[in-house]
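Let the sequences and hints guide you as you build the complete structure.
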Amino acid sequence: MSQLMREKQVTLLDLLDRVLDKGVLLGGDITISVADVDLIYVGLKVLLSSVETVERMRTAAQTPVQVEER
Amino acid sequence: MDTHACYVYGITRQIDGLPLAEKGIDSTYPVYALPYENVQAIVSEVSLSEFGVEMLEANVQDLQWLAERVRAHESILEAILPHCTLIPMRFCTIFLNESRVCEMLAERHDDYLNTLTRLDGRKEWGVKVYVDSAIIAQRVGDISDKVKKLEMEMAEKSGGAAYLWKKRLDEAVAVETDRVSIDVAQRSHDLLSSHAEESLNNPLQGRESTGRPEEMILNGAYLIADERLGAFQAELAGLEDEYVALGFSFRVSGPWPPYNFVANPCKGDG
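Going down the list, the protein sequences come from chains A and B.
Just add 48 to wherever you are in the first sequence, counting from 1, and you've got my numbering.
Just add 6 to wherever you are in the second sequence, counting from 1, and you've got my numbering.
A hint or two may mislead.
As the list claims (entries may be wrong) - Some chain B residues judged to face chain A by a derived CB distance under 7 Å, without partners named:
1. Ala-73
2. Val-76
3. Pro-94
4. Phe-97
5. Thr-99
6. Glu-162
7. Ser-164
8. Ser-259
To be verified - The calculated label-pair distances, taken between Cβ atoms and stated as ranges, are:
9. A:Leu-61 <-> B:Arg-19: 30 to 36 Å
10. A:Leu-61 <-> B:Glu-113: 45 to 51 Å
11. B:Ala-167 <-> A:Leu-61: 43 to 49 Å
12. A:Leu-61 <-> B:Asp-176: 29 to 35 Å
13. B:Lys-152 <-> A:Leu-61: 33 to 39 Å
14. B:Met-61 <-> A:Leu-61: 20 to 26 Å
15. A:Leu-61 <-> B:Glu-159: 42 to 48 Å
16. A:Leu-61 <-> B:Lys-155: 39 to 45 Å
17. B:Glu-56 <-> A:Leu-61: 20 to 26 Å
Honestly, the hints are just simulated from the structure, not real lab data.
Nothing here was measured: the structure is a model prediction, and the numbers come from that model.
A virtual CB, placed ideally from N, CA and C, is assigned to each residue, including glycine.
As structure tokens, then:
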């Protein structure tokens with residue numbers, strides 16, 4: 049893995065660690081109604097699973113994860 | 007039927023003229039400020055076809071989607087960060103509509119002002135410390151008498167005795183490198199914290215199981231007052247000088263919006 053790619057991955061994890069797990073967390077009693085489906089505010093539980101996904105992908109593959117810069 | 011919702015990136019004081027991105031996290035809609043008395047929420051409209059909870063649950067499993075959206079979230083906040091104090095929200099803080107956001111601002115108005123005051127003139131910096139296992143294994147004899155003694159004794163042994171001494175040496179190296187790593191991590195955190203208004207020793211991030219040589223030994227977050235940044239960076243440079251020969255490396259990141267320093271003590275959420 050090139051140094052640059054590694055730095056990008058490291059930065060992405062750093063970023064995910066902050067935006068998914070830190071910052072203000074507002075309580076889960078806000079609902080959004082779309083037609084007759086109640087949507088619940090998306091909290092930490094849903095997003096934690098994505099961090100696990102990232103970790104799995106990193107350790108399992110050891111191939112660079114292609115991430116497009118915005 | 008509502009097909010859109012209101013995504014909140016963060017909270018600032020009620021200030022005009024902040025650089026707000028033309029494209030929000032849903033690139034169809036711009037970022038704008040939604041004021042309430044002395045604060046404002048930085049928001050943008052999002053389509054529920056992408057950010058409704060079912061789609062979101064699917065989308066966050068897609069690393070490509072997630073990476074692009076978190077980068078968008080962060081870049082919107084980083085554009086504002088040099089211009090005013092900012093409380094960052096967690097990713098995907100989404101409300102039904104603007105009036106719901108204003109209700110939230112009304113409820114938390116004074117708390118937000120207090121937090122903004124606490125954060126004024128301060129930025130978050132991250133420091134991660136790593137150790138290269140191969141290098142420290144070679145060098146630990148320089149600083150550990152126990153290891154040095156075993157190395158010297160082993161040099162005089164041969165045959166079966168040498169094999170036994172090698173095993174003892176390997177064990178001592180493992181124990182001593184752990185001890186040294188823990189000491190370096192603690193000392194680094196203490197010294198860096200001495201320049202910080204607040205600091206956190208965060209859980210170490212995912213261990214690499216593949217034989218990558220570097221192991222994380224410290225994952226620190228530091229809230230640094232602007233006028234103390236020079237001293238903080240000098241401390242960091244000093245630590246690097248002191249420990250690089252043993253295989254330690256220091257990676258600094260920042261300035262960040264203060265994600266690590268805006269927890270809600272009253273809500274009891276981790």
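Now for the hints, and whether the structure bears them out:
no. : hint                               : in the structure
1   : Ala-73                             : holds, 5 Å
2   : Val-76                             : holds, 5 Å
3   : Pro-94                             : holds, 4 Å
4   : Phe-97                             : holds, 4 Å
5   : Thr-99                             : holds, 6 Å
6   : Glu-162                            : violated, 42 Å
7   : Ser-164                            : violated, 40 Å
8   : Ser-259                            : holds, 6 Å
9   : A:Leu-61 <-> B:Arg-19: 30 to 36 Å  : holds, 32 Å
10  : A:Leu-61 <-> B:Glu-113: 45 to 51 Å : violated, 33 Å
11  : B:Ala-167 <-> A:Leu-61: 43 to 49 Å : holds, 47 Å
12  : A:Leu-61 <-> B:Asp-176: 29 to 35 Å : holds, 32 Å
13  : B:Lys-152 <-> A:Leu-61: 33 to 39 Å : holds, 36 Å
14  : B:Met-61 <-> A:Leu-61: 20 to 26 Å  : holds, 24 Å
15  : A:Leu-61 <-> B:Glu-159: 42 to 48 Å : holds, 43 Å
16  : A:Leu-61 <-> B:Lys-155: 39 to 45 Å : holds, 41 Å
17  : B:Glu-56 <-> A:Leu-61: 20 to 26 Å  : holds, 24 Å
Checked against the numbered hints listed earlier, the structure breaks hints 6, 7 and 10; every other hint is satisfied.
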